[in-house]
Structure formats: structure tokens, C-alpha cells
Amino acid sequence: MRAGGRATERATLVALSAISAACGGLVLYQIVELRRAGAAVGTARERLALLGDLRIAYDAAETNQRAYAVTGAVEHRDAQRRAAAELRAFAAAPGSPLSMQQVEAALAHFAGTIALRDRDDAAVAVAQAFSPERRAATRDVHDRLRAANAAADAELLRTQARARRAERVGIAILLLAAGAAAASLALVRWSRGRRADEESDAVAAAYRQLFEQTDLPFVVVDAVTDDWVYFNAAVGRSFGLSTDEFRRLKFRELLARTSSHPQIEALRTEPGVAPPVPIVIRAQDGALRRVISYVVSLRHHGRMLLVAFGQDVTELETQGRALLAAQADAAGVSAELASIYVEAPVGLGFVDAELRFRAVNAELAAINGLPIEAHLGRTLEETLPPELALRIVPLYRRVLDTGEPLRALELHGRTRADPDRERWWLASYVPVEIAGRRVGVNIVVVEITARKEAEARLQELNAELERRVEERTRALSDSNAQLEMYTYSMAHDLRAPLRNVHSLAEFLVEDHGAELSPGAREYVRRIVAAAGRMNVLIHELLVYARVTREALPAVPLPLDGVVRDAIRSLQALCERSGADLVVEPTGATVLAHRETLATAIANLVANACTYVAPGTVPRVRVRGRRAGGRVRLEVADSGLGIDPAQHERIFRAFERLHGQDHYPGTGLGLAIVRAGVERMGGTVGVESEPGTGSVFWLDLPSPEPE
Amino acid sequence: MQSTPVLLVEDDAIDAEAIARAFRRANIEHPLVALKDGESAVAYLAGHGEFGDRGRHPLPAFVLLDLRLPRMSGLEVLQWVRGQPGLRRLPIVVLTSSAERRDLVAAYEIGANSYLCKPVEGAALQAVAANAGRYWLTTNRPADLEP
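Top to bottom, those sequences are chains A and B.
Counting from 1, one number per residue, gives the positions in the first sequence under the working numbering.
Counting from 1001, one number per residue, gives the positions in the second sequence under the working numbering.
Please note: incorrect hints may appear among the correct ones.
[As the list claims (entries may be wrong)] Reference excerpt, derived from the structure (chain A facing chain B, CB under 7 Å, subset only):
1. ALA105
2. LEU498
3. ARG499
4. ASN535
[What the hints assert, rightly or not] Sample of chain B residues with no beta-carbon within 10 Å of chain A, all distances over it, derived:
5. ASP1053
6. LEU1087
7. LYS1118
8. GLN1126
Simulated from the structure, these hints should not be mistaken for laboratory data.
For every residue, glycine included, the Cβ atom is placed at its ideal position computed from N, Cα and C.
Could you put together the complete structure from these sequences and hints?
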């Protein structure tokens, strides 16, 4: 088409030159002028287009950089890269008002922001993207572009006027020069006009499509009448209005719904470009939205047009703020975690699915006895001694195979850290899954060697103690057995001669009774009595030895039955003393060893029947009561009474208050009572004053609940 | 045929005399064979050595056995007796100064037929011995010794 067009033009020129030969140099001049004017119009148009492209590319590069800094969304980064490439290309074109140096500085800055954001330094990236220096640089770029735009605009108008003038003069001359030539010229004009119209239609369609489809609110309005020339659907949405509602609105009414734009009134009268201004718009439902507004005014076919579009950044800002806060929090948390990871006095690490260390902290490195760097990228086999790796690697494999963590596993072995020392650890291996795939194993290792060694020492100590206790027990039971043997033999061996004394006294009386004087008979009687006392002493020593040494297993016993047994054993004594003995039933049950308790009770009753003033009848009361989960048995007498100073003494072995002649006794009776009762978990005591009688009591544990 | 004897195994000569007196005073006609230690008792009951002649040393009607004996204790004698087929049913009466529970238990466990404690008083000892003699010789009915 284009080549054909040029051929036609050339043909026309050939025709015109033929005519101009007739019309003279004036005609020729006009034709050259027309060509020049046409070229100048094209140049001016191209320049304006370039300026627009530059502006769009620059803003796209900057805005996407800012959006990426705030959101970190990769589509912004990709868009920014594309815009940067375009900006470079446009800036390199002849006639660009922006120097390559200026463009490269800006792009370097944007790249820096993006790199910061790539490293997750969102806060710094945002600060850099919105820094006052950067705003100033952008303002400078915008100013240059605006100035160039105005110049190009003026140039376009001038060249267009020149072309029109040349055209008109040329046509007049041509009309005058030749009818045929006029036809040719008409052809030329027609073909050029059609081409321009076609181009302009295509551009308009493209722009319209762009603005219809985009989410950026976009309006074109007559600056004088405030009538809408064009608006897209997005602008209605921004204000919360339907297209029809929006159409009925005047531009001024719309402005009433936005915060003021400082340059809009100026732009109504003079063509110009306002820098991006953040404004707030109030939607129909009262919601406020933040919009970056771009306003341009231009003269078009004698009309002043205001072109405005905006970028709604409400969500972006909200998201950005939340994101910044979250990132700041996350940064804090992750710094804390990192510090814990590094500083924890616990071995921490991570191996990937090939069992290569991907992370290891200082403690785990110290346990393994290798620097941290010596772990990273190396396998367990490469970092652990073979003997230990042989045992541990299968555990890792199991965790990776089954996905089941192993927790608090006790391991022991030697590492390079101290190859001569067996050490103990508590290890946990936890599988790490990402998107359902096992990517490795988290390691937690706590050194427990000190604890283990302490345990071992403790065990040794325990064993040693047990051994010593056993030894001691054996020695003790040996000596106990010897002592028992000794008591047993003593009892037997002492009794045999005593019995012999008795027997011999008997034989003497039997065989020689007739020959004995009454005095001799009295001696024989005293020999027998002395032997009898010694026999009682031996008996009580045996009993005492038994109650102090032998096991006295306690069982529940009816107290009344034990009291009855004890008194039955004293029948002879009771009859001899003629005692007034009253036993009150208690109905109580006690925990005691039957024989020992019976002996104790018998001893107390025997004492009560014995230690009375000569010539008086002993009055003895046996009674009991339950008190505080225990049972108290009392033996009260009407006897001599005991000085409180003697109360403690009388319970000791071999202590006697009375001479043998007055009250016979071994001094063991109460000692047997106390030893026996205390061995059964009870207590004994006495309440007495001289001359008022005594109350001896036993407190015994009871199996019955209180 | 001579009357069946009573075998007394007692190392204390005075006790042995007291028991003999008790038997005499109780008019017990069975002769009292007194031996002083456990080994002799076993020899007599087995018919060994000097006791080989059963005519002169017949098996006793019952045995009065002290526990504390030289050479072989009363419990050992008792155990040996209970192991002899021809002596298993021989009544054995323990007569000892020991009232220790473990002696009592051991004696009955091994197979004593009775357990008597020697009282210290001379008259009481004679009474115990006379009672035992009368009871085991007249009141009690023994089984045959041979199977």
C-alpha cells in the first residue's frame, strides 16, 4: 500500500513538474513547501507519540516498581521489567527529551528497589520507592516530558498550519495551471487524507479498546461545557454508579465528590499535563477510595478537552500497610527464631532427603566436633564417625520412609569432638513435608552425657550401698542368731542346775527328813525359794529378750479376749492375793501380737495385785476406751501409788522400787510391758501419786476406722 | 519274759534320778533304762554293739527323750527313729527344760508324740515324770512296732 502510494506521489510529481514548467518557479516552490510541511507534520506527530510512549513507559516502570515494593507480587516485577525495556528503547530514539543517563539512573534506582524487595527487605524497598529524592527525580522527568510535549504540540500546530497553507496555495496555482494537473493533485490529496484518517481511526479504536477493558477510571470531558466526551465503565464503578447514573452527572458534580485537584482549573484554560496527584473520592455508598489521578488538557479541533484517569490504590495501600506490618512482625519473629536456632543449647539441624546437612546450629556442630561449614552439603556418613553413622543413618531412613517421627531416642557413641569418650544424646528426628513430599528430617539433639554419667555413678553408689547394707544385715543377723543361741543356752544351762538344787533339796527331805532339825528344814526351804526366784528371773529375761528382739507380727485382736487370757494365766496369784478384780468389756479390736499383749496385760494386773499395803485387799479395775483411732487399756489399782519422779524409772529393766523381802520381783515386768507394747506400735504410761493408787495404761493401734 | 522297759535318754544324772524316784514312788514296774547321750540311744534302739541282744535289751514301751544331749541331739535321735521302719510307731515323749517355741514346733514336726517341759521345782518334775509314765504305760494304747 505504502509503496504504491509513493509511486503514485512520484507520478503526480512528474506530472506536476511538467505542469510547473508552464506555471513557473512559484508553483515549484509551493509544491516543495507542501512536501516539507507534510514531512514536518509527520515528524511532529511522531514526536508527540514518542513523548506519550516515554511517559507511559516511565510511569509504568516506576508504578510497577512501587507496587512490587509494596505487594511483592511478581506480576508487578514482570511488568516493571517490560516497561523498563520499553523505556530504554524509547529513550534511545532520536528526539527523546530524556537523556540515556537520566533514564539509566532511574532504572538503576528501580532495580535497586526490586532487589531489596527480592531479599524481603520490604520496608526499605518501600521507603526507597517513595523517597522524596525519587519523587523529585520523577517530577523532573515529568517536567521535561511536559515541556517537550508542549513544544511538540506547538510544532505540530505550526506545521499543520503551514501544510494547510501550502496546500491551499498549491491547489490554487494548480487549479489555475492545469485542469489535468488538478485532477492529479486531487488524487494526491485524497490518498494522503484517507491514509491519515485510517491511521487515526486505528489508534482511536485501540485506545477505546484499551480504556473500555482496563480497570483504570478514564474520562474525557469538554473543559468549557463540562459535557462528557468519553468515559469508561471503570470510572462509574469507582464512584459506585451505573453507567447511566454517571452519564447524568456533570463533571463539576463529579469533582464535588473528590478531594480537590490543585491544577484542574488551570488545565481547563491552558493545555498541559498535571503530575500524578493522590486524591480521595467518595463513592455513592460513602466509602472513600484513594486514587492516583493523572490529568491532561489539550486542544482538539478547537475544543479544550480535559483528560483524566486514575489508579485506584485503596486496596493496594490497605494490603500494603497490612503487609508491611505483617512483614515487620514476621521479620521480628524470624529474627527471634533465627537467634534461637543459633543460640539454643540444643543441637538443631536439618538434612535433606539425601541425608545432606542443609542447616546445623552451633551446638549440633559442637556435638559432632566439626565447624558448621563442614556440615553444609555433606552427608551424615561424611560428618559422623562410621561406627555412629552405621547406627544412625537407618533411623533417618526410617523417618523418611515412614513419615513417622522418632522422638527422644537415646543414642550413645563417640564423635570427632571427643573420640575417646562415650557420650549420650537424646535425639528426635522429625520428617519435614512440603506439599506432601518428604524433603528432609529436622534434627533435635540434647546432650545427656553428664546426666548419664551421673546416673551411672548413682547406680554404682546404689549397688555399693546395697552391698554394704546386705553385709551389715548379714553380720547383724549372724550376731542376732548368736545372741539368740546364747540366750537359749543360758536359759537351759542355768535352769538345769537350778532344777538340780530343787531335786537335791527334795532328795534330802525324802531320804533324811527324819534326821533334819527344824532349823535345817528352814534352810532347805530358803534354798528352794532362792532357786525359785532365780527361775522367775531367767523366765523374765527370756521373755524380755523375746519382746525386744523377735518379730512381733501384729494382727487384729479382740481386746476383751486377750484380757481374759491374761487374767486366766494369773489365776493362782489372784486367788492368793484375794484381789477384787473387775474387768469392764471394751468391745474394741486392737492391732497387736497376741502373746506379747497378753504378757503385758498380765504383768500390769499382777503388779496391781501385788503392790498393795500389807493387809489390804487389792482392788483392780481393767477398762478400755477408744480414742483417736487408737485403743487405750487401763489397769487401775488401789495400791501404794508411785512418786511421779519415779514414773519413768519404773519402766526400765532391773529397776525396782521395793526390797525383795517385801515385794518379790525381778525388775523386768514393766520393762517387758514397755518393750513389747512399743514394738507393736503402742505406748505405755502411768498416772499415779503415792497413796492414791496407780493407773497404768497401754495405747494400741486399732484396725477400725475412728 | 521281762517287762518292757522305758527308755530314758537324759544326760543330767540328778534329773535322771528324780525321774527314777518318781517311777518308784508311782509304783511303775517297768524297768527304766537310762542312757546319757543320743548315740547310745540310737545304738540301743537299733540293737547295735553292746545292745545287740534283744533278749537283754528289748525295745522300750516308750522313750523319754531330752533334747539337749551330748554327741547327738534329741531332735536328731527323733528324726532317726522316725526313719526306721520298725520304730516309726514307737511313742516318743520329749522331756526337756526348753519351752522354746521352735523346739516345740520342730519336735512335733519330726514326729514326737508328746512334749513335756521339766519344771524347775523338784517335786513338780517328779509329778510330771510319774504322770507321763502312768499315761504312756497304762492309759495309752500303742500300735505294734512291726509292720
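**Request:** Check each numbered hint against the structure and report the violated ones by number, ascending.
**Result:** 1, 7 and 8
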